[in-house]
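S.K.: Sequence:
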Amino acid sequence: MTSPIDLSGKTILLTGASKGIGAATAAILGASGAYLVAHYGSDRAGAEAATAAIPEERKLLLGADLADLDAVEAMWAAALAWRGRIDVLVNNAAIMPFDGGFDAPLADFDRAWADALAINVMAPARMMRAAVNHFLESGGGSIVTISSWAAQRGVTNPATIAYGASKAAVKSATQSIARAYAKDNIQAYVVAPGVVRTRLSEQFAATQGGEEKISATLATGEWVTPDELGRLVAFLASGATPQLSGSTLDVNGASYVR
-9 MTSPIDLSGK TILLTGASKG IGAATAAILG ASGAYLVAHY GSDRAGAEAA
41 TAAIPEERKL LLGADLADLD AVEAMWAAAL AWRGRIDVLV NNAAIMPFDG
91 GFDAPLADFD RAWADALAIN VMAPARMMRA AVNHFLESGG GSIVTISSWA
141 AQRGVTNPAT IAYGASKAAV KSATQSIARA YAKDNIQAYV VAPGVVRTRL
191 SEQFAATQGG EEKISATLAT GEWVTPDELG RLVAFLASGA TPQLSGSTLD
241 VNGASYVR
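Going by the working numbering, the first residue of the sequence shown is number -9, and it counts up by one from there.
Incorrect hints may appear among the rest.
What follows is a set of in silico ranges between Cβ atoms, one per label pair, in the way DEER data are often shown [claimed, not checked]:
1. Q193 / D100: 19 to 27 Å
2. G236 / D(-4): 23 to 31 Å
3. D33 / T231: 30 to 38 Å
4. P148 / N123: 48 to 56 Å
5. A230 / A57: 16 to 24 Å
6. P(-6) / E46: 21 to 29 Å
7. L234 / R101: 18 to 26 Å
8. R48 / D174: 39 to 47 Å
9. R101 / T231: 39 to 47 Å
10. G(-1) / T197: 26 to 34 Å
11. A206 / A71: 33 to 41 Å
12. E127 / G200: 28 to 36 Å
13. S166 / G91: 26 to 34 Å
No lab work stands behind these hints, which were simulated from the structure alone.
Note that CB positions come from ideal geometry on N, CA and C, so glycine has one too.
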């Protein structure tokens, strides 16, 4: 894999690098010359596969349970210690509970919300806190948050309402960082994909009558590829357009236009 974007010398911390968007992004960031800290939850083999083409000296694989905030802090510390600096944080890891609808038992409803908020909001919030404080000391840096079009338009399946709400929360937090720290050379971007060819989206499609039904609602009739999102993340990580900071970049093939 080759990339037209040059990230040589940049150290990038990417969460959720073992599957889907994260795996594609890991490969593209590596092909762009970045030093990559690739986080994974339990799937180390997935992270190893995603980063297989990256030279050993340019990658560090770190496992951490994002539901454990102590583990989140330890991961940041280990990532920072590797090269003494982090230039870009990519908040990608997320879960989508499918059992948190209003008609679900209360225990399931509460658990879906607790899990989504823990992994999709609190873990990224801790990472962003650490990143902002580091960037203030080091002269700047960038944050890229993978949100979702669900943050703007809500979810189709109310059983995933906690997921949509969590993506709205992390979107708002990222935008607040962009506004508050623009003068400190800290950029923050939100990427809001539509239907992406990932395991989570395939599971979601199954709850809505299948892939053909979902594809029929899309303007292009096609799902977003993880590679396209990876290329966008690499572009944002390059720092080529700092005045884009604070923006939400919709990637849905014109299916949801604001």
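S.K.: Taking each numbered hint in turn, which are not upheld by the structure, reported in ascending numerical order?
M.R.: 4, 5, 7, 8, 10, 11 and 12
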